[in-house]
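Engineer: Once you've looked at the hints, dock chains B and C against the given chain A.
Each chain, letter by letter, is given below.
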Amino acid sequence: MHDDFYSEVFLAFSTYATIVVLKMMLMSPMTAYFRFTRKCFANVEDTGMAKTPEDKKRMLRVDPDVERVRRCHQNDLENIIPFVVIGLLYTLTGPDLSTALLHFRVFVGSRLFHTVAYVLPLPQPSRGLTWMVGMGATFSMAFRVLSTTHL
Amino acid sequence: MHDDFYSEVFLAFSTYATIVVLKMMLMSPMTAYFRFTRKCFANVEDTGMAKTPEDKKRMLRVDPDVERVRRCHQNDLENIIPFVVIGLLYTLTGPDLSTALLHFRVFVGSRLFHTVAYVLPLPQPSRGLTWMVGMGATFSMAFRVLSTTHL
Amino acid sequence: MHDDFYSEVFLAFSTYATIVVLKMMLMSPMTAYFRFTRKCFANVEDTGMAKTPEDKKRMLRVDPDVERVRRCHQNDLENIIPFVVIGLLYTLTGPDLSTALLHFRVFVGSRLFHTVAYVLPLPQPSRGLTWMVGMGATFSMAFRVLSTTHL
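Protein chains in written order, with the UniProt record's numbering: chain A, 1 to 151; chain B, 1 to 151; chain C, 1 to 151.
So that you can see chain A by itself, here it is in the shape it has in the complex (with noise of 0.2 Å):
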């Protein structure tokens, strides 16, 4: 375990983790520009900038940019945190450096280019072909941990 834990497999898993992470939480903000920039919101406190009632009601709304953010945000939370679940026990099964930078790296570029695929949005199948390599590099990290755990 100590060697597990300062190998570099796992000093490789913190990196990678943490920067698709911290990708996923920019999602966040920029949720935020769009709503600002797009005077759309989910909450009444937030339309404090509009001068009348009328105004209020009209930035209660469903924008489509704002939508497609978050559904790239959220598709990220359904793929990134199974990534880092995995990711982590797969860490701990010792496998050779090679092979899970191999993973880590398929995984953070195929996220990345997801969200670029999502937002702009690139025509498809990009988006799709991205979602899916990212989902094979976790799939396959989890047959890794399963068939190593089940002595």
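The set of hints was computed from the structure by calculation and includes no laboratory data.
Keep in mind that a hint or two might mislead.
Said to hold, decoys possible - For lysine-lysine, the following DSS-like pairs were computed, each having C-alpha atoms within a straight-line distance of at most 30 Å:
hint: 1; chain 1: B; residue 1: Lys51; chain 2: A; residue 2: Lys23
hint: 2; chain 1: C; residue 1: Lys56; chain 2: B; residue 2: Lys39
hint: 3; chain 1: A; residue 1: Lys23; chain 2: C; residue 2: Lys23
hint: 4; chain 1: C; residue 1: Lys57; chain 2: B; residue 2: Lys39
hint: 5; chain 1: C; residue 1: Lys57; chain 2: B; residue 2: Lys57
hint: 6; chain 1: C; residue 1: Lys39; chain 2: C; residue 2: Lys51
hint: 7; chain 1: C; residue 1: Lys39; chain 2: C; residue 2: Lys56
hint: 8; chain 1: A; residue 1: Lys56; chain 2: C; residue 2: Lys51
Unchecked claim - If you want the ones that stay clear, here's a sample from chain C, every Cβ over 10 Å from chain A, calculated:
hint: 9; residue: Glu8
hint: 10; residue: Leu77
hint: 11; residue: Asp96
hint: 12; residue: Phe139
Glycine is no exception: its CB is placed at the ideal position from the N, C-alpha and C atoms.
Structural biologist: For chains B and C alone, coordinates are given in the frame of chain A:
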């Protein structure tokens, strides 16, 4: 720590956490399956199979079957991730193997049944009960974490 | 590792992470409470208390109080889970106990206040500020993880 991490409790936790996270991840392909069979999408770039602009518009709608799978996925996020976090901390408190296995199996079993009860759907209170049983297992582990770490 | 995992920092992390995850989990029963008192459900099988088919239909609607609690829960998922992931990696970098406690307490305090500010609701910018303070604590820990692991 060495003992804790290579302990049978930790191996059991790795296995059950991976299984239940994989189950959660499978909600994504299930959503995709319902989106394609119902021809119901959230993004305009996903409606490439449409032949006319009217077809495109018709595909950008909300479908009750898709929404049901998405609510089930959301409920998984709200319950399975707390289980993983608290379960890991619980594992590190060094519980008995049999007690730990009971918690892990009750939780994983309740969530498998919860998905069946939600997607079919089964009549209530089956879904409500499975949700409560899963929550109970997580609360019980959280209680042990708090009473062990608060020395 | 032995030292790190039984360190006071790790015990403190376990306690604060469990508290804030339990707080997040309590949003589920709070949603259920509002659904039952407002008689507002998302699934047709949940409307068993309805006496007539019209009643059933009326119960399948969107209620602003329920949606407010759900948005608060979603914000918790988007912020508390990154805290747990990055906080665990941060704990393993061996920070000072007092610095670590400062991060954990600021984060947990900000999220408790965030929930109050969201659910009541309190006038802005109280909710916005608590959200930013929590994010700041997580970013600060992420900075240390990245600067420590990138040897």
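Engineer: All the hints need checking, so say for each whether the structure fits it.
Structural biologist: So, going through the hints one by one against the coordinates:
no.	hint	in the structure
1	Lys51/B x Lys23/A	violated, 36 Å
2	Lys56/C x Lys39/B	holds, 27 Å
3	Lys23/A x Lys23/C	holds, 25 Å
4	Lys57/C x Lys39/B	holds, 25 Å
5	Lys57/C x Lys57/B	holds, 27 Å
6	Lys39/C x Lys51/C	holds, 13 Å
7	Lys39/C x Lys56/C	holds, 10 Å
8	Lys56/A x Lys51/C	violated, 38 Å
9	Glu8	holds, 18 Å
10	Leu77	violated, 6 Å
11	Asp96	holds, 19 Å
12	Phe139	violated, 8 Å
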